[in-house]
Each structure stands twice: as C-alpha cells, then as structure tokens.
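K.L.:
First to last, the protein sequences are chains P and S.
Taking this note's numbering, the leading residue of the first sequence gets 1, the next gets one more, and so forth.
Taking this note's numbering, the leading residue of the second sequence gets 1, the next gets one more, and so forth.
Any given hint could turn out to be false.
Selected chain S positions facing chain P (Cβ under 7 Å, derived; list incomplete) [as the list claims (entries may be wrong)]:
1) L89
2) M93
3) K163
4) E251
5) I253
Straight-line distance between alpha carbons at most 30 Å, and here's what the computed BS3-like set of lysine-lysine pairs gives [stated by the list, open to error]:
6) S:K19 - P:K125
7) P:K29 - S:K243
8) P:K145 - S:K92
9) P:K126 - S:K19
10) P:K126 - S:K244
11) P:K107 - S:K92
12) S:K243 - P:K184
13) P:K81 - S:K92
14) P:K125 - S:K11
15) P:K89 - S:K244
16) P:K6 - S:K243
17) S:K243 - P:K89
18) S:K247 - P:K85
19) P:K81 - P:K236
20) P:K145 - S:K52
21) S:K247 - P:K29
Derived coverage of chain P by chain S (criterion: at least 3 residues anywhere in the stretch with Cβ under 8 Å from a Cβ of chain S; other residues may be distant) [what the hints assert, rightly or not]:
22) 69-78
23) 91-101
Hints in this document: simulated from the structure, not taken from any laboratory.
Ideal Cβ placement from N, Cα and C applies to all residues, glycine included.
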Amino acid sequence: MNVAIKLNAVTKNFSFYAKSENTLFHSFKSIFKRDKHVVISAIDRLSLEINTGEIIGIIGPNGCGKTTLLKIVGGILSPTKGTVKVMGKTLPLLELGTAFQESLSLKDNIFLYGSILGLSTETLKKRLTYIIDFSGIRQTDTNIKNFSSGMKLRLAFSIAKEVDADIYLLDEILTVGDEGFQKKCFVFFENLKRQGKTILLVTHDLSLVARECDRAILLDNGKLVADGESSSMVKKYLSIIINNDLKLVKKQLRVNKPVKELSLAFSKLRMLFEQLLMFKQFRNISNTILPFYNLETLIKNREAKKLFFGELRALLNFCYEHADEKEKLFIKNLVKNALQEELFPLENNEMMKIVVEDSKTVFDKEIKIKKVLFKDEMGVDGNVFETGKSMSIEIIYQALKDVKRPMFGIAIFDSTDHLITGPNTTFYNVTSESIKNSGVVTYVIKSLPLLKGTYKVSVSIYDELGSKPFDYHEKKYGFKAVEKDIKSLGGIINMDGRWIYK
Amino acid sequence: MGFSNRFSLIKQLTITGFKLRYRGSVLGYFWSLLNPLLLLLTLYIVFALFMKINIPNYPLYLLIGILTWNFLSEGTVMSINSMVSNRELIRKMKFPTQSIIISSCVASFVVFLINLLIFFLLMVILKVNIYFTAVVLPFYLIELFMLVLGLSLFLSVLYVRYKDVIHIWNFFLLLGFWITPIVYSTDLVPFEYLRFYMLNPLARIIVDMRGALLDNFIPTLKNIFITTIISILTFVVGYVFFKKSSKRFAEEI
Chain P
1 MNVAIKLNAV TKNFSFYAKS ENTLFHSFKS IFKRDKHVVI SAIDRLSLEI NTGEIIGIIG
61 PNGCGKTTLL KIVGGILSPT KGTVKVMGKT LPLLELGTAF QESLSLKDNI FLYGSILGLS
121 TETLKKRLTY IIDFSGIRQT DTNIKNFSSG MKLRLAFSIA KEVDADIYLL DEILTVGDEG
181 FQKKCFVFFE NLKRQGKTIL LVTHDLSLVA RECDRAILLD NGKLVADGES SSMVKKYLSI
241 IINNDLKLVK KQLRVNKPVK ELSLAFSKLR MLFEQLLMFK QFRNISNTIL PFYNLETLIK
301 NREAKKLFFG ELRALLNFCY EHADEKEKLF IKNLVKNALQ EELFPLENNE MMKIVVEDSK
361 TVFDKEIKIK KVLFKDEMGV DGNVFETGKS MSIEIIYQAL KDVKRPMFGI AIFDSTDHLI
421 TGPNTTFYNV TSESIKNSGV VTYVIKSLPL LKGTYKVSVS IYDELGSKPF DYHEKKYGFK
481 AVEKDIKSLG GIINMDGRWI YK
Chain S
1 MGFSNRFSLI KQLTITGFKL RYRGSVLGYF WSLLNPLLLL LTLYIVFALF MKINIPNYPL
61 YLLIGILTWN FLSEGTVMSI NSMVSNRELI RKMKFPTQSI IISSCVASFV VFLINLLIFF
121 LLMVILKVNI YFTAVVLPFY LIELFMLVLG LSLFLSVLYV RYKDVIHIWN FFLLLGFWIT
181 PIVYSTDLVP FEYLRFYMLN PLARIIVDMR GALLDNFIPT LKNIFITTII SILTFVVGYV
241 FFKKSSKRFA EEI
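Just chain P, with the same shape it has in the complex (with noise of 0.2 Å):
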C-alpha cells in the first residue's frame, strides 16, 4: 500500500492577544504593559500514517482540532512543530461557496470559484453548461445574491465536483443541504470510492462513519485518542462523550446540588440518544438535535431542556415507528430503562406510545389510580359539562403500601393534543404527608373556563420529586364542554373578563 498522507509528530498551536487585535499601536503599548498572550493547543504531536485509497473518518467532540487537522493536510495551514506529508493533489472542502460574490451573476461566480478551486477558464468555459445542469439551477441571469443558501450550496458543490484530486478532504459536506443535494452528495462520495481516492470525512454524523469509513481517527483535545475499525472507534467516541458529562455532572454537583438529577438524568439519556442514532434512518433527525446537545444549556436554559426533552420525545416515537421488530424491541428496552432509571421529567412521559404500549410492566405501583370520575355542581357524575359553571375532577386510588407524599396530577388536553393546564398537588403545595389505603382527591374547578368541544385528561400518581411514576393513564379519560349562557365565537377559554366604556 503506498503512504498517501504522513503525519509526524504535528502540534499546531494558535496564538493570539486575549483582549485585543494585533495592531501596531497595541505592540507599541504593549512594551509598557504586558497584554496576556494566549497560546492554543489545537493539535499536539499527532501522528499518522494514511494509505492511498482509504476512506477516514475523523470524529470528536467540537473543538477538538477535527476541521484544523483537515487544513493542516489541505496545506492552508501550516504545523508549528512536526512534518506533513501529502502525496498528491488535496482537494479541501471546508465550506461550500465561500468565494461566492453576491452581486455577482451566476456565470462569473462560477468562473471565480472555480478558478480559486484551481480549475483553467477551458475548463471551466468546456464544463459550464454541465455545471449549471448538475445544479439544477435554471434563473442563470440573474444575480447569485437571489439564490437561496441551498442553491449556493448545490452550485458551489456542481463546481467543486469538477476539480480532480487524489485525497479528498470533507468538512460536514456530505450531510448540509436539501435531500436531494445529499442524495447528489452521496452518489459523488460512492464514485470517489470506487476510483480509489483517498477521502478523510469529518462529521458529527457517527452512523455515517460507521458505516462508509473504513477506519476512524478518534481526537480530543488535539490528541490522537485511539485510531482503528470505525464502528469501534465510534463506540469508544460515545463513551468519551458520556465521562465528559459525567465530569461535568461532578463538577456541578460541588455547585449545585438540585442539578444532580437533571445531570445524572442528561448523561445516562444522552447514552441512550447515541445508541439510537446508531440506527442509519435515523441520521435526519439527529442533526436537528444535535445543536441542543449540550449538558450546561440544558440546565441552564428551561426552553432549550424543553427542546430537548421535546425532541427526544419526537425522535424516540419516530424511530418506535419507523423501526422493525427487532429495533421496536430495543427501543422498548432503552426507554424502559430510561424509565425504570428515572430520566424523563413529568411532562414528557405522556406523549410516549412506546410507554404507553408497556405502562403495565413499566411502572412500580405502590399505589393505583382506581377510578375517575368527573362530577358536576351537583355532585352528579357525567361527562357532559357547561361553562363557567363548577366541575370537580376526582381521583381514587388505592395504595398497596405506605406512600409518603405521592403527587397527584391531571393534565387536559385539546381536540389537537395540545396540553391547556397540568396541576399537580406538589405545585399547589397540598401534597399529604403519607398516604394508606385508599381515598379521594378531588380537584375543584369553580367555574369552568373551556369553552365548547372534547377534552382529553391524563390523570397520574408519582413520587414527590415528581421523577418515578406509580401510576399514570395518559389521556385515557375525557370530557365535553357545552355553552348555554356563555355564547362564544370560537377559541378554547373564556377569561372571565370585563368591557369597560369610558
């Protein structure tokens, strides 16, 4: 095999002032005052032997000298220690259409592209019509500054396909853009394969390496951390990926106690996030959540925790779908243990198909929901109900064991699902300190506000810090609202509001 790329020993390090630009006036200042000099470590003493023909994935987490080392091989950036050495013409795709000059017309911005990508005006003059062809473009008088980020993306690429190299570096290019442009993406990926090119791949996508690289250089903090068969170095990333956040979690917890949940929660549901995106249907969404994939944003922002849990929630009941039996099963068993480990918040529990299918064998039922019953003023059970006047929801249950402050909790949905109100007795602080047997709790609603239509109520017991559920029955109860003396036009409350005239 012949020694396409050789790394030896290569360390870049960036250097840069902490507070300000480098400027003349500042050198000068700084001789009377020294200004911090920050010195980076983006890649340390990394060394590497790539074979001609080999397809490498590079994975790590964000910052971990991924897209430098891709430079450093493409010759834009040099080591500041150690030799590279690159045997034939680089190709490096860092970001599609960076040379793009928005008043410029499509034309010229090919011609300009293509000749910053090393491409003759013959060429590019021979290829034109095929260029704008492949790009599926058809304005081609007007100026690029009209096209949307995805026609930029699929013409700066048409022009890219163009150049001939013998290694092939691919920044995240395989997995931007519309289906079609990936599907474009993925046919010229396959084509460099079977001509035998040298192709070293950075993504976040981890099925993707796993399943076109042949081998995986796995970095962190500029280190070579481990290099060898890529699902197994896929493997060995998650597993870094989980003691970071478990690090993490420890560092919080010396802060923060109440985070301990949340943190322990985060990490383990995190694993389960990664295994699931193992499966290669599934690589779509993955980019969509991966943005939010951040431990400290998740504590620290409620709406992105939301997002999260939101779009796990999104993803675990697609893949459930999509899945075949033998995923169906394992998903019930991820989200089982998910549960039985007490990772989802209360709210999140309830849209689960997959929990809802096993809800028998999933929850510890120390205490039951026995029945529910919907009274009106009278103290009349039913299911028909008019607004603005009173309604008392009742829970009964029966407990097997002692139960110390369990939290009671109903949530009434819409005809589309959408949650209007969750009460639970934690949050109206009448949480009983211990519960026998078995009893009522009766949530009283003086004068109804929903106005006419269905209604769905889940109804559900759960421990006090609202984590392990015992019991919960999602949106298996339901009522109608009618008006009488109200008249409404439309929407679903009304607000008990006044008009004043003046």
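Could you slot chain S onto chain P? The hints should help.
P.N.:
Okay, now just chain S, sitting in the frame of chain P:
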C-alpha cells in the same frame, strides 16, 4: 496549481474586481477617472492661478504626476483592502494567496493605462508635441508596476500582522504626495536636501517620465540603473516576504 491555472485565477480575480468596482458599466470607470481630474483641476487653480507657478504645459505636467501617484495609492490601498474582503477565502481555501494582490495591482494598472490614454488625448487636444523620447514610457510602466506590486505585497503582510497598518499607510500616502515632485518641480527643493529628496524612488521615476514625455529629455543611465534596481528589489523583497508569511495567513488574518 499549474501555471495556466494560476494565470486563469489571476485573470478571474481581476475581472471580478473590475465587475465589483464598476458594476460592469462604462460609467463606473468614469467615476474613477473623475477623482484625479478633480484633483487636477483643484491643484491647477491653486498653483497655476493663485500661486502663479511657471511651468510650461502645467496641466499635463500635473496630470502625469497625479496619475502616477494615483496608481501607487490605489494599487496599494486596493491590495490591502482585498486582503480584508477575501478574508474568508484565505482562511478556508487553498490557493496561491499572492494572486489576490497581483490581481488588485493589475486592475489598478489597467485603470492607470486607460488614464494614460486620456493623458495622450489631452496632449493632442492641447497641441503639445509628442517627442520621440516617449518610447521609454513602457519601461517606466513596468518599473512602476513592479514597485507597486512589491509594496502591496509587503504592506499586505504587515496588514495581516498589524491591523492598523492601513491607517498608517494612508498617512504616508498623504505625506508622500507632497514630498514627491507632483505639483512642483524639483528645482524648488533646496540643493542640500535634494540628495535625501531623491531617495524617494517615485521622485526619480516621475521626473524622468515627465522629462521624456514633455521635454524631449532622455533619462540618464545612472537614473535608469537606480530606478530599475529599486523596482526589482522592492518586488523581490515583497514577493519573498509575502510567500514566506503566507503560510500563516489562514490563522492570522
């Protein structure tokens, strides 16, 4: 990248530069001609009418100086600016970076050449004799090009390292305009300072070029020798300095 591809690249970058600057219209070019012409008019009013400078063919005398200076200032400033505007390109793509500077200088040079045509047109209109000595002009044009390119390469490297170079250079350009014989003749410079004054290579080039175009004057061999050496040296030093530093451009810019 092979030679023909490099040539294609420079050509494309130059064309792009032109299109961006003039938006593809002839009118666009006239705007860039307007600037030196207005300067010419102002300086002519001040120096010929108010201060009564007595130089034959003063408008033409002034114009050739302004155009030459304009080429130097535009070429260098455009080169530095092209480093700014092509920042992302330098950071993310692999290509010979010097082609950005070369194309900026070529673009300014082309404008300079077109402006020279206007100069000759003006000569004809004003019925000034064109002497045989004008044949040395191409030689000076090549010298000027090398000088400006070398300076631009050098300044661009400095710019990458020190972002305030552009301000300092603008100041130098203002200063340089007045310590170069553009609006006045070197006769006005006191003799004891003339030696230092003539260290400015552009002073020699402008004096010789002007002499050849307007006064039927053949430059001395000594002057030709000095200006050639300085131009070549500026170019070589600038190019080597640029080449050496360009390895670190992607991270420093």
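K.L.:
Confirm or reject each hint.
P.N.:
For each hint, the structure was consulted:
At a threshold of 7 Å, the smallest CB-CB gap from L89 of chain S to chain P is about 5 Å, leaving the interface hint in force. Because the beta carbon of M93 of chain S sits about 6 Å from the nearest beta carbon in chain P, less than 7 Å, this interface hint is met. Interface hint status for K163 of chain S: upheld, as the beta-carbon distance to the closest one in chain P is roughly 5 Å, under 7 Å. At about 6 Å, the closest approach between the beta carbon of E251 of chain S and any beta carbon in chain P falls short of 7 Å, and the interface hint on this residue holds.
Restraint check, I253 of chain S versus chain P: the minimum CB separation of about 10 Å is more than 7 Å; hint violated. A C-alpha spacing of about 19 Å is found between K19 of chain S and K125 of chain P, which places the hinted pair at or below 30 Å, so the restraint holds. Of the pairs offered as hints, the one joining K29 of chain P and K243 of chain S holds, with about 29 Å between alpha carbons and a cut-off of 30 Å not exceeded. Proposed proximity of K145 of chain P and K92 of chain S is supported: the alpha carbons are some 21 Å apart, at most 30 Å.
The suggested pairing of K126 of chain P with K19 of chain S holds, with an alpha-carbon distance near 22 Å, which does not exceed 30 Å. Of the supplied pair hints, the one linking K126 of chain P and K244 of chain S is violated, its CA atoms being roughly 36 Å apart against a limit of 30 Å. Restraint check: the Cα-Cα separation between K107 of chain P and K92 of chain S comes to about 22 Å, which is no more than 30 Å; the hinted pair holds. For a cut-off of 30 Å, the pair hint linking K243 of chain S to K184 of chain P is broken: about 38 Å separates their Cα positions.
Straight-line distance between C-alpha atoms of K81 of chain P and K92 of chain S comes to about 21 Å, which keeps the hinted pair within the 30 Å bound. Straight-line distance between C-alpha atoms of K125 of chain P and K11 of chain S comes to about 14 Å, which keeps the hinted pair within the 30 Å bound. Taking the CA atoms of K89 of chain P and K244 of chain S, the gap is near 21 Å; set against the 30 Å cutoff, the hint holds. Pair hint K6 of chain P plus K243 of chain S holds up; C-alpha atoms about 24 Å apart against a cutoff of 30 Å.
Pair hint K243 of chain S plus K89 of chain P holds up; C-alpha atoms about 20 Å apart against a cutoff of 30 Å. With a C-alpha separation of about 16 Å, the suggested pair K247 of chain S and K85 of chain P falls inside the 30 Å cut-off, and the hint holds. With a CA separation close to 28 Å, the supplied pair K81 of chain P and K236 of chain P stays within the 30 Å bound. At most 30 Å may separate the alpha-carbon atoms for a hinted pair to count; K145 of chain P and K52 of chain S exceed this at roughly 53 Å.
A C-alpha spacing of about 27 Å is found between K247 of chain S and K29 of chain P, which places the hinted pair at or below 30 Å, so the restraint holds. With 6 residues having a Cβ less than 8 Å from any Cβ of chain S, the stretch 69-78 of chain P passes the three-residue criterion, so the hint holds. With a threshold of 8 Å between beta carbons, the proposed coverage of the stretch 91-101 of chain P by chain S holds, since 6 of its residues qualify and at least three are required.
Consistency note: the structure conflicts with the earlier hints numbered 5, 10, 12, 20.
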